[in-house]
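Enquirer: In case you want the letters, here they are:
Protein chains: 4
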Amino acid sequence: MSSNGYRISFRVSWVDTDAAQVVHFSNYSRFFERVEEEFYRHLGFSVTDHKYKEVWFPRVEAFCRYEKPARFNDLLEVELTIEELKEKSVKYGFKIYHKDLAALLATGYVVIVAADKQTGKPTQIPMEIVERLKPFCK
Amino acid sequence: MSSNGYRISFRVSWVDTDAAQVVHFSNYSRFFERVEEEFYRHLGFSVTDHKYKEVWFPRVEAFCRYEKPARFNDLLEVELTIEELKEKSVKYGFKIYHKDLAALLATGYVVIVAADKQTGKPTQIPMEIVERLKPFCK
Amino acid sequence: MSSNGYRISFRVSWVDTDAAQVVHFSNYSRFFERVEEEFYRHLGFSVTDHKYKEVWFPRVEAFCRYEKPARFNDLLEVELTIEELKEKSVKYGFKIYHKDLAALLATGYVVIVAADKQTGKPTQIPMEIVERLKPFCK
Amino acid sequence: MSSNGYRISFRVSWVDTDAAQVVHFSNYSRFFERVEEEFYRHLGFSVTDHKYKEVWFPRVEAFCRYEKPARFNDLLEVELTIEELKEKSVKYGFKIYHKDLAALLATGYVVIVAADKQTGKPTQIPMEIVERLKPFCK
Numbered sequence: 001m002s003s004n005g006y007r008i009s010f011r012v013s014w015v016d017t018d019a020a021q022v023v024h025f026s027n028y029s030r031f032f033e034r035v036e037e038e039f040y041r042h043l044g045f046s047v048t049d050h051k052y053k054e055v056w057f058p059r060v061e062a063f064c065r066y067e068k069p070a071r072f073n074d075l076l077e078v079e080l081t082i083e084e085l086k087e088k089s090v091k092y093g094f095k096i097y098h099k100d101l102a103a104l105l106a107t108g109y110v111v112i113v114a115a116d117k118q119t120g121k122p123t124q125i126p127m128e129i130v131e132r133l134k135p136f137c138k
Numbered sequence: 001m002s003s004n005g006y007r008i009s010f011r012v013s014w015v016d017t018d019a020a021q022v023v024h025f026s027n028y029s030r031f032f033e034r035v036e037e038e039f040y041r042h043l044g045f046s047v048t049d050h051k052y053k054e055v056w057f058p059r060v061e062a063f064c065r066y067e068k069p070a071r072f073n074d075l076l077e078v079e080l081t082i083e084e085l086k087e088k089s090v091k092y093g094f095k096i097y098h099k100d101l102a103a104l105l106a107t108g109y110v111v112i113v114a115a116d117k118q119t120g121k122p123t124q125i126p127m128e129i130v131e132r133l134k135p136f137c138k
Numbered sequence: 001m002s003s004n005g006y007r008i009s010f011r012v013s014w015v016d017t018d019a020a021q022v023v024h025f026s027n028y029s030r031f032f033e034r035v036e037e038e039f040y041r042h043l044g045f046s047v048t049d050h051k052y053k054e055v056w057f058p059r060v061e062a063f064c065r066y067e068k069p070a071r072f073n074d075l076l077e078v079e080l081t082i083e084e085l086k087e088k089s090v091k092y093g094f095k096i097y098h099k100d101l102a103a104l105l106a107t108g109y110v111v112i113v114a115a116d117k118q119t120g121k122p123t124q125i126p127m128e129i130v131e132r133l134k135p136f137c138k
Numbered sequence: 001m002s003s004n005g006y007r008i009s010f011r012v013s014w015v016d017t018d019a020a021q022v023v024h025f026s027n028y029s030r031f032f033e034r035v036e037e038e039f040y041r042h043l044g045f046s047v048t049d050h051k052y053k054e055v056w057f058p059r060v061e062a063f064c065r066y067e068k069p070a071r072f073n074d075l076l077e078v079e080l081t082i083e084e085l086k087e088k089s090v091k092y093g094f095k096i097y098h099k100d101l102a103a104l105l106a107t108g109y110v111v112i113v114a115a116d117k118q119t120g121k122p123t124q125i126p127m128e129i130v131e132r133l134k135p136f137c138k
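Residue numbers (this note's numbering), protein chains in the order written: chain R, 1 to 138; chain X, 1 to 138; chain Z, 1 to 138; chain G, 1 to 138.
Source of the hints: derived by calculation from the structure; they are not laboratory data.
As the structure is a computational prediction, the values presented were derived from the model and not from experiment.
Each residue gets a CB set at the ideal place from its N, CA and C atoms; glycine is no exception.
Mixed in with the good hints, there may be bad ones.
Claimed, not checked - Over the 12 Å line for every Cβ pair with chain X, so calculated as not near, a few chain G residues: (1) R11; (2) V15; (3) V47; (4) V55; (5) L101; (6) A102; (7) P122; (8) E128; (9) R132; (10) L133; (11) K138.
To be verified - Over 12 Å on every C-beta distance to chain Z, these chain R residues come out as not near it, computed from the model: (12) F10; (13) Q21; (14) R34; (15) E36; (16) Y40; (17) R41; (18) D49; (19) V60; (20) R71; (21) L85; (22) K95; (23) A102; (24) V130; (25) E131.
Unchecked claim - In silico DSS-like links for lysine-lysine, alpha-carbon gap of 30 Å or less: (26) R:K138 x R:K51; (27) X:K95 x R:K53; (28) G:K95 x R:K95; (29) X:K117 x X:K86; (30) Z:K51 x X:K95; (31) G:K121 x G:K86; (32) X:K68 x G:K117; (33) X:K51 x R:K121; (34) G:K88 x R:K68.
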């Protein structure tokens, strides 16, 4: 795993699975979001903090490549890395591992923009957030 | 089926299932809500209409009894009935049928209150909505 | 909180919320299931263990009473208690608290039966599971 | 819209939304899958038909580009096209439109392989399925 990623671990819940007895493909996006949320908590802020109330952070792209299925109760490790930090957007990379097997299950990325809540137009990522993200840039 | 219910039909999606190859129990609440949404469309309004902007309709109780499992691709018929219409709340009853087998899969209910968006306190259901609901009361 | 419950804590994810900016009511069932899964891990078994391969544990009833809404990032504490342990079924009670406010957000229960995978008929809960559950009975 | 796509329409449900009052990004994958399921029904088969019992169809890639948000009650039209049909895989393209505004909300694709259920290895897509898909190829 890369040296400057942020990682969390959790187990696959029953509700995450589908009738093929594997995790439903749409849930990988939710796992990506879960590590992103924990990453912000780790950095000490939330996108819903009052001071960011004029900005929101919609996703503009999401991609996932599924290598191997995950099953109920599997212990997953999800790693977030910052692939690209621009003035108005950030691209996070994700890797999902089966922790006990040390196997890569999926890779993906999500591109997020900062947008003005009134106009919907892209705007600068608040500097305080940029400063907290920088140490994680490659 | 009861004479004054409102019914919709739809098929079980793959994402609704879990590793037991049946519909995950939490999705029945979502099916209840789906028929409720279609019911309001059928009655010609939406709870998000501008004129109701000072009210919201949180659920205060939900119950489901699971009789038989539903599986991928099953054609379901979901029936909504009004069990009780009070000044500030409404109790909907639900029945889910496997349409081809004419089998009852689940029954349940949901109690919804009208609440003032500012105070959070229960308030009167808007009269226009009450008038539209009345013909469906038992 | 009751003395012999089992508790876990987690934060509300963005995906758990809906356009009313509160947790969607169907997700409380998922929170109930999450603490149930962790409870079994705590007790050292999984319902999917090979030795239980002839049994499954469908839910036959689920109920939730919603007291106060939960919001994004809220730290929740979910408590599971055993309300009733019978030969072929178990009834779990659940309480969801807002941990920082020490406020009760929801209460509910789920009734689960042990069923023979071949016949679908109710069967005895495996004795090893019963033994592990007993210390948590009221 | 392209001439040889397959289209379905449905409204955004409350449960599809999140606290930003738009459809949660992970639900677009679910919308893609919903039109895929309806497409197969339209073609007269299901991937779970008994004759395909030795094959399953895992997703190996999924991508979505989000152009504009979708909101509760919006009438969506989702179009599926076959971007590439190979011996062992198929790539579906998707476009999601806001029907009343005739606005493009999202584009994406999903790559699916046929896999042997025993070995997990890629295998030929059953010829009957290939024959039904061909008329939709560009």
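Enquirer: Now look at each hint and say whether the structure bears it out.
Expert: Status of the hints after comparison with the structure:
A beta-carbon of chain X comes within 12 Å of the beta-carbon of R11 (chain G); the shortest separation is about 7 Å. With 12 Å as the threshold on Cβ separation, the claim that V15 (chain G) sits away from chain X is violated: the shortest Cβ distance comes to roughly 5 Å. A beta-carbon of chain X is positioned within 12 Å of the beta-carbon of V47 (chain G); the least distance is around 9 Å. Here V55 (chain G) stays apart from chain X, with its beta-carbon at least about 15 Å from theirs, past the 12 Å limit.
Listed as a non-interface residue, L101 (chain G) keeps its Cβ farther than 12 Å from every Cβ of chain X; the least gap is roughly 17 Å. A cut-off of 12 Å between C-beta atoms confirms that A102 (chain G) is not in contact with chain X; the least separation is 21 Å. Every CB of chain X is more than 12 Å from the CB of P122 (chain G) (nearest about 20 Å), matching its label as outside the interface. Distance check on E128 (chain G): its Cβ is at least 18 Å (rounded) from any Cβ of chain X, clearing the 12 Å threshold; non-interface status holds.
Residue placement check: R132 (chain G) keeps its beta carbon more than 12 Å from all beta carbons of chain X (closest about 17 Å). At the 12 Å boundary, the C-beta of L133 (chain G) stays outside the reach of chain X, the nearest C-beta of that chain being 18 Å off. With a cut of 12 Å on Cβ distances, K138 (chain G) stays outside the contact zone with chain X, its closest approach being about 26 Å. With a minimum CB-CB distance of about 9 Å to chain Z, F10 (chain R) fails to clear the 12 Å threshold, and the non-interface call is violated.
Listed as a non-interface residue, Q21 (chain R) fails to keep its Cβ farther than 12 Å from every Cβ of chain Z; the least gap is roughly 9 Å. Listed as a non-interface residue, R34 (chain R) fails to keep its Cβ farther than 12 Å from every Cβ of chain Z; the least gap is roughly 6 Å. Under the 12 Å C-beta cut-off, the non-interface status given to E36 (chain R) relative to chain Z is violated; the minimum distance is some 9 Å. A cut-off of 12 Å between C-beta atoms contradicts the statement that Y40 (chain R) is not in contact with chain Z; the least separation is 9 Å.
The non-interface label for R41 (chain R) is inconsistent with chain Z: the shortest C-beta to C-beta separation is roughly 8 Å, within 12 Å. D49 (chain R), annotated as away from the interface, has a beta carbon of chain Z within 12 Å; the closest lies near 10 Å. With a cut of 12 Å on Cβ distances, V60 (chain R) stays outside the contact zone with chain Z, its closest approach being about 16 Å. Listed as a non-interface residue, R71 (chain R) fails to keep its Cβ farther than 12 Å from every Cβ of chain Z; the least gap is roughly 9 Å.
Annotated as non-interface, L85 (chain R) keeps its C-beta farther than 12 Å from every C-beta of chain Z; the closest such distance is 21 Å. With a minimum CB-CB distance of about 20 Å to chain Z, K95 (chain R) clears the 12 Å threshold, and the non-interface call stands. Every C-beta of chain Z lies more than 12 Å from that of A102 (chain R), the closest at about 21 Å, which supports listing it as non-interface. The beta carbon of V130 (chain R) sits about 21 Å from the closest Cβ of chain Z, which is more than 12 Å, so the claim that it is off the interface holds.
No beta-carbon of chain Z is positioned within 12 Å of the beta-carbon of E131 (chain R); the least distance is around 21 Å. Note on K138 (chain R) and K51 (chain R): the hinted pairing holds, with a Cα-Cα distance of about 28 Å set against a maximum of 30 Å. With a C-alpha separation of about 43 Å, the suggested pair K95 (chain X) and K53 (chain R) falls outside the 30 Å cut-off, and the hint is violated. With a C-alpha separation of about 27 Å, the suggested pairing of K95 (chain G) with K95 (chain R) holds against the 30 Å cut-off.
For a cut-off of 30 Å, the pair hint linking K117 (chain X) to K86 (chain X) stands: about 19 Å separates their Cα positions. The suggested pairing of K51 (chain Z) with K95 (chain X) is violated, with an alpha-carbon distance near 36 Å, which exceeds 30 Å. Restraint check: the Cα-Cα separation between K121 (chain G) and K86 (chain G) comes to about 15 Å, which is no more than 30 Å; the hinted pair holds. A threshold of 30 Å between alpha carbons decides the hint, and for K68 (chain X) with K117 (chain G) the separation of about 28 Å falls inside it, so the pair holds.
For the hint linking K51 (chain X) to K121 (chain R), the alpha-carbon distance of about 29 Å falls within 30 Å, and the restraint holds. Straight-line distance between C-alpha atoms of K88 (chain G) and K68 (chain R) comes to about 17 Å, which keeps the hinted pair within the 30 Å bound.
Going through the hint list in order, the structure does not satisfy hints 1, 2, 3, 12, 13, 14, 15, 16, 17, 18, 20, 27, 30.
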